[in-house]
Amino acid sequence: MSDQPILEVKDVTKTFGGILALNRVSFHVNEGEILGIIGPNGSGKTTLINCITAFIKMTSGKVFFRGKDISRKPAHKIADMGLTRTFQIMRPYYSLPAYKNLVIPLFSPRAKRTGGWRGGGKLGDRNTVGIDILEEIGFERDSFVPYKMASTLPTGYLKRLELARCLALKPEIILCDEVFSGLSMSEIASMVPLIERLQMDGIALVMIEHRLRELFRVANRVMVLNFGEKLIEGTADEVMASKKVKEAYFGSEEVEEVMSYA
Amino acid sequence: MYWQRVISIVCIYALLAVSFDLLAHFVGLVSLGGALFIGVGGYLSAIMNTSFGFPPLLAIPIATIAGAGICTLLLLPCLPLRGVYFAIVSLMYPLAMCRVIEALDILGGTDGIMGVDSFPNRWVEQYFVILMVLLFLFGVRRLVNLDLGLVLRAVKDNDQAVRASGMSITFYKAVAVFISSAMGCLGGACLVHIYMWSGMSLFALDFSILPIAATVIGGAGTIVGPVLGCLILVPVSELLREFGTLRIVFYSVILVAFIVFRSEGIMVYGQRKYHQIERWVKV
Chain Y
10 MSDQPILEVK DVTKTFGGIL ALNRVSFHVN EGEILGIIGP NGSGKTTLIN
60 CITAFIKMTS GKVFFRGKDI SRKPAHKIAD MGLTRTFQIM RPYYSLPAYK
110 NLVIPLFSPR AKRTGGWRGG GKLGDRNTVG IDILEEIGFE RDSFVPYKMA
160 STLPTGYLKR LELARCLALK PEIILCDEVF SGLSMSEIAS MVPLIERLQM
210 DGIALVMIEH RLRELFRVAN RVMVLNFGEK LIEGTADEVM ASKKVKEAYF
260 GSEEVEEVMS YA
Chain C
14 MYWQRVISIV CIYALLAVSF DLLAHFVGLV SLGGALFIGV GGYLSAIMNT
64 SFGFPPLLAI PIATIAGAGI CTLLLLPCLP LRGVYFAIVS LMYPLAMCRV
114 IEALDILGGT DGIMGVDSFP NRWVEQYFVI LMVLLFLFGV RRLVNLDLGL
164 VLRAVKDNDQ AVRASGMSIT FYKAVAVFIS SAMGCLGGAC LVHIYMWSGM
214 SLFALDFSIL PIAATVIGGA GTIVGPVLGC LILVPVSELL REFGTLRIVF
264 YSVILVAFIV FRSEGIMVYG QRKYHQIERW VKV
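So the sequences go chain by chain: Y and C. Numbering-wise (the working numbering), the first sequence opens with residue 10 and increments by one. Numbering-wise (the working numbering), the second sequence opens with residue 14 and increments by one.
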C-alpha cells in the first residue's frame, strides 16, 4: 500500500446562497479503506459527495484523486477516472430491465478500457457481462429478477443496482450514499458481506450511513459531520466516546442555544 | 402525377416525424427544429447543385452529412437545456435563418435559388424518397435497441446516472441530434430537387409542427407510428384543399378529435387491439 491517499479532500466549502452547507471540510481516504461519514440530517453529507464528484460545483476547496487535482473536472470525467458514486435516491433507468441498466455503464469509455474487451457491437457481450455483475451483487441469475423492469424492482434490489452500476466501471473508489437506508434488517444483513467483499477486492469505499451498527462493523475510520463542519475523525470507538458527537446527535444545552440563534 | 407528388411530400414529412420521434421519445429532447433541418439540407443541396454543378444524387448525400453537421453545431450550445427550453431554442433557429436570408439578401434572398436540377427521371424521384424513409425507419428501429440506443434512452430516463457512469451526456445528445438532423436534411435536400427550387419557405413552421401532429396521431415512441401519422395527415390536408380557406378548420377538428379520442396514437391502439385479438383467438 502506498502512503499517498487515494482520495484527498482539502477545505471543501459550499454555500447555497447565504447558507453555509459545508465549511472547510478536509479528509482523506487510504487505499482499500472504508471511511464512514455520519452526521445528523442536514449536516452536509450528501452535499459533500456531490461536491467531490462534481455533481454540484463547490464554492472553494480542492479534491485530489491519486494526487491529481480533480476539483475542476466535469462529473463524467471524474467517474471515468474511477471515482464512482451511488445516489441516495436511486437513479436506475426505469424503462429498462435490470440487466440492461448495466449495458449503459458498460458502454462507457472506462468500461471499454478496463473491461479488456473491445465491446465491438456484439450485443451478447454487454448483456452477459451485465448479468454476471448482477449475480455478483446478489441478483439471482436463474430467477427472473435480473430481467424485470427496473420500475418494478423493490428498494433492496435498486440499491444493489446502484452499486452494480459503479462496479461495471471497475472503480477504484466508490462513494456510497446511504446504501443501507430503506432496507429491512435482513436485507442489510445480506448487504454487509457484499461491502466487505468489495473491500477485499481492493476497492476503497466512502459510506454515508445512518445505520451506525452496521457501519461500525465494516468501517475502518469514521468521520462525523455536523452543520457542514467536521466534528471528529477516528475509529468507531473513539467517535462513539466523543462528547461532541453525542451533543450533535442528542443535543445539549449548548447546541440548542446555537440553534435558537440560527 | 399529382398524387405521386403528394406521396413524395408524405415521405419527406415521414422522415421529419421519425427524426422528431427519435429525439423526443428516445433522447428526451423535444425539438421544433424540423424546419431548420429541412432548410439547411435544402439550401446546401441547392447550392451544391447550382454553384458547384454536382448532380442531385451526389449533392443529396453531401447535403445530408454536411447539413447534419451544421445543425448539430448550431444546436450544440443549447443541448444542456431540457424540455420546453430546448424546444424554444430549436424553434428560434429556423425563424432566425429566414430573417437572416431576407435581411442580408444572401442565397438568393426572398426569391430563393432557382434552376436546381431535378432527379434524373420520375421513377428515381418517386422511389428514392420512399426507399430512404424505409431505410431510416428500420435503421432507427434497430438503433434504439442497440447498446448505443440504450444509452440514448438512458439519457432520457436519467441523465445524472449516465454522468455517474462516466459518459458525457452532451456528447450522446449531440450524436442523437446528428442522426435526426441527418434525416431532416435528407428530406430537405430531396424536397429541393423535387420542387427544383430552394427558398425561404423551406424554413416554414409546417416542417416543425406537422411532424409533431403526425407523431401524436401515429403513436409516440413507436417510430412506425409517426410514419403512419404522416400517411394520414398529409393526404387529408391535400383532400381538404377543395374547401379552400376552411381547410385549416377541418384540419384542426380532425387533430382535436384524434387527441381527445385516441391520444395514445393509432400505432399503440393497434398494437393493443392486435394483442387482445391474438389472445382472444387463443382462448
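Any given hint could be a false lead.
Taking lysine-lysine pairs in the DSS-like style, the calculated list, with each CA pair at most 30 Å apart, reads [stated by the list, open to error]:
no.: 1; chain 1: Y; residue 1: K121; chain 2: Y; residue 2: K179
no.: 2; chain 1: Y; residue 1: K179; chain 2: Y; residue 2: K255
no.: 3; chain 1: Y; residue 1: K157; chain 2: C; residue 2: K295
no.: 4; chain 1: Y; residue 1: K253; chain 2: Y; residue 2: K77
no.: 5; chain 1: Y; residue 1: K157; chain 2: C; residue 2: K286
no.: 6; chain 1: Y; residue 1: K121; chain 2: Y; residue 2: K77
Some residues of chain Y that are not near chain C, with every Cβ distance over 12 Å (derived) [what the hints assert, rightly or not]:
no.: 7; residue: G27
no.: 8; residue: R94
no.: 9; residue: S117
no.: 10; residue: E196
no.: 11; residue: A198
no.: 12; residue: K252
FYI, nobody ran anything at the bench for these hints, they're computed from the structure. A quick note: this is a predicted structure, and the numbers were derived from the prediction, not measured. Built from N, CA and C at the ideal position, the CB exists for glycine as well.
Problem - Violated hints - listed by number, lowest first - result: 2, 4, 8 and 9
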